[in-house]
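> Sequence:
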Amino acid sequence: MASPSSAGSPSRASATSSSKRSSETRITGPASHRAVRSPRLLGRPGAGRRGGFTARTRGKMGDRGEYMHRPRRVWWAVPTGGRCSPGPRDDLPSPPPPPAHGPPVNLVDIVLLVLLVASIVHGVRLGAAIQVLSFGGFWLGLFIGALLAPHIADAVSGSVAKAVVSLIVVFGLAAILGGIGRVFGVRLWRVLHRARLAAADAGLGAIIAFAATLLASWLVASILVSAPAPRLSSEIRGSAILGALDGVLPPAPSVFARIQRLINTQGFPAVFAQLPPATTGPVTLPTAPALRAATLAASPSTVKVQGVGCGQVQEGTGFVVAPNVVVTNAHVVAGILNPRVYDRVGSHRSEPILFDPAFDLAVLRTTGMTDPPLRLLGTNVGRGTQGAVLGYPGGGPFDVEPAGVMQEFDATGRDIYGQGLTTRPVYELQAVVRPGNSGGPLVEPDGTVIGVVFSRSAADPNIGYALASPGVGTRVHQAEVTNSPSGTGACAG
169 MASPSSAGSP SRASATSSSK RSSETRITGP ASHRAVRSPR LLGRPGAGRR GGFTARTRGK
229 MGDRGEYMHR PRRVWWAVPT GGRCSPGPRD DLPSPPPPPA HGPPVNLVDI VLLVLLVASI
289 VHGVRLGAAI QVLSFGGFWL GLFIGALLAP HIADAVSGSV AKAVVSLIVV FGLAAILGGI
349 GRVFGVRLWR VLHRARLAAA DAGLGAIIAF AATLLASWLV ASILVSAPAP RLSSEIRGSA
409 ILGALDGVLP PAPSVFARIQ RLINTQGFPA VFAQLPPATT GPVTLPTAPA LRAATLAASP
469 STVKVQGVGC GQVQEGTGFV VAPNVVVTNA HVVAGILNPR VYDRVGSHRS EPILFDPAFD
529 LAVLRTTGMT DPPLRLLGTN VGRGTQGAVL GYPGGGPFDV EPAGVMQEFD ATGRDIYGQG
589 LTTRPVYELQ AVVRPGNSGG PLVEPDGTVI GVVFSRSAAD PNIGYALASP GVGTRVHQAE
649 VTNSPSGTGA CAG
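Note that the working numbering has the sequence shown beginning at 169, numbered continuously upward.
Don't take each hint at face value.
Claimed, not checked - Estimated spans, in silico, between C-beta atoms of each pair:
{"#": "1", "residue 1": "Pro457", "residue 2": "Leu383", "range": "50 to 56 Å"}
{"#": "2", "residue 1": "Val292", "residue 2": "Pro629", "range": "23 to 29 Å"}
{"#": "3", "residue 1": "Pro457", "residue 2": "Pro421", "range": "28 to 34 Å"}
{"#": "4", "residue 1": "Gly655", "residue 2": "Gly415", "range": "24 to 30 Å"}
{"#": "5", "residue 1": "Gln480", "residue 2": "Pro445", "range": "31 to 37 Å"}
{"#": "6", "residue 1": "Val279", "residue 2": "Gly562", "range": "33 to 39 Å"}
{"#": "7", "residue 1": "Asp277", "residue 2": "Gln480", "range": "36 to 42 Å"}
Simulated from the structure, these hints should not be mistaken for laboratory data. Just so it is clear, CB atoms sit at the ideal spot from N, CA and C, and this is done for glycine as well.
Model the full assembly from the supplied sequences, consistent with the hints where possible.
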């Protein structure tokens with residue numbers, strides 16, 4: 169290693185020989201490990217002596233051991249006596265973290281802002297007369313299409329085909345009647361311009377266009393939020409503009425809720441009549457030993473519920489709450505005359521003694537079952553409560569999924585037919601819920617039932633919903649007291 173004393177020798181030959189041997193200069197300091205000094209100071213007398221590193225630079229040396237030009241950069245730094253290595257150093261201070269970025273921009277909000285600006289400009293050009301009749305025809309088409317779509321969709325089979333046909337009918341009629349309204353609006357516009365009311369017509373046109381675009385966007389979003397497109401549903405739920413509208417406007421009319429139910433191909437009822445609340449973030453899920461404990465405690469009392477109705481085989485899950493009494497969801501047995509219950513022993517006939525389409529709960533009375541009943545918790549649980557979702561997803565074998573309660577709230581939604589408004593005490597779960605899990609128990613590790621699984625999020629398949637156990641217990645007690653047949657209502661699909 170070339171030292172500062174040798175670099176400063178008066179002998180030109182020695183300096184030349186030294187520069188030929190190496191174009192590098194090593195500057196060493198005390199043993200304490202500190203950051204190397206600025207590259208601009210490297211090569212000056214005393215430079216680098218505060219740090220315990222060896223800095224290697226490239227450059228040409230002069231007669232006095234000084235650089236004749238400023239070094240370009242420091243390649244790396246190593247402790248004195250060590251070998252060079254470009255790898256990371258544990259004893260060096262960590263680089264500052266990258267600057268934090270804000271939340272991702274919501275695509276739906278961007279589209280809405282562009283539409284609103286364009287609608288104002290377009291509204292000034294068209295005027296109020298054309299837009300009143302055009303939007304009037306559009307809204308009338310939506311309403312008529314929503315009335316006709318369920319009947320027309322019955323002509324096709326398959327949930328996806330029904331959803332596509334429903335959307336075509338609704339928005340097709342809206343476009344046709346909106347176009348007819350525009351034709352008549354143009355005629356009225358000419359009359360107003362002849363009467364020299366063009367300025368007033370243009371000003372009102374901007375206001376009407378802005379308001380109509382907001383309302384139409386809100387209504388379309390309320391329909392598409394349940395569409396079988398998780399990315400679209402997630403963007404709609406995360407929209408700040410739609411969220412603000414949803415906070416001041418009432419739920420969409422029930423006639424449009426029927427369309428929402430048709431395009432919802434998951435088979436779960438809509439938990440919310442409006443946009444759902446924001447999620448509160450993940451929680452800690454139960455460990456494998458806790459899941460095993462929940463399975464041992466509750467699996468013998470978890471049963472499969474099946475029946476033929478509405479032109480198809482309907483399957484779900486249930487659980488025993490009393491001798492020969494089984495709880496499940498109302499949408500599992502809707503339209504089935506004689507649901508059958510399958511446990512470890514075999515098949516059992518059942519008779520509904522409670523059918524509540526608003527709460528989405530059914531209680532079945534059976535015979536010949538010896539499965540031990542599960543206990544329903546009489547109080548609500550809080551965020552972070554760990555549990556397990558038990559059931560028979562897809563009508564297949566028994567399955568257990570870890571679950572955690574994210575939040576508890578009263579959800580205002582629709583009944584299982586997508587019509588009347590209802591309020592349910594609901595747990596939002598961090599859990600995988602699949603078709604067939606409906607009616608299954610949400611249990612704690614000791615087997616205590618804290619909820620009944622009944623739906624999942626359209627935006628995130630890892631978020632499910634369960635009816636809180638206190639409300640379930642109240643209705644089970646009511647069914648046991650009356651103990652009379654109730655029927656299963658009409659088909660919910």
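> Next, verify each hint and record whether it holds.
Structure-based check of each hint:
Range check, Pro457 to Leu383: about 54 Å between beta-carbon atoms, so the 50 to 56 Å window is met. For the hinted restraint 23 to 29 Å between Val292 and Pro629, the CB-CB distance of approximately 45 Å leaves it violated. For Pro457 and Pro421, the hinted distance range of 28 to 34 Å is not satisfied, since their beta carbons lie about 50 Å from each other. A C-beta distance of roughly 39 Å is found between Gly655 and Gly415, which places it outside the suggested range of 24 to 30 Å.
As the Cβ distance of Gln480 to Pro445 is approximately 33 Å, the hint placing it in 31 to 37 Å holds. Judged by the Cβ atoms, the range 33 to 39 Å given for Val279 and Gly562 holds: they are separated by roughly 36 Å. Our hint of 36 to 42 Å for Asp277 and Gln480 holds, since their Cβ atoms are close to 40 Å apart.
Hint compliance for this structure: hints 2, 3 and 4 are not met, and every other hint is.
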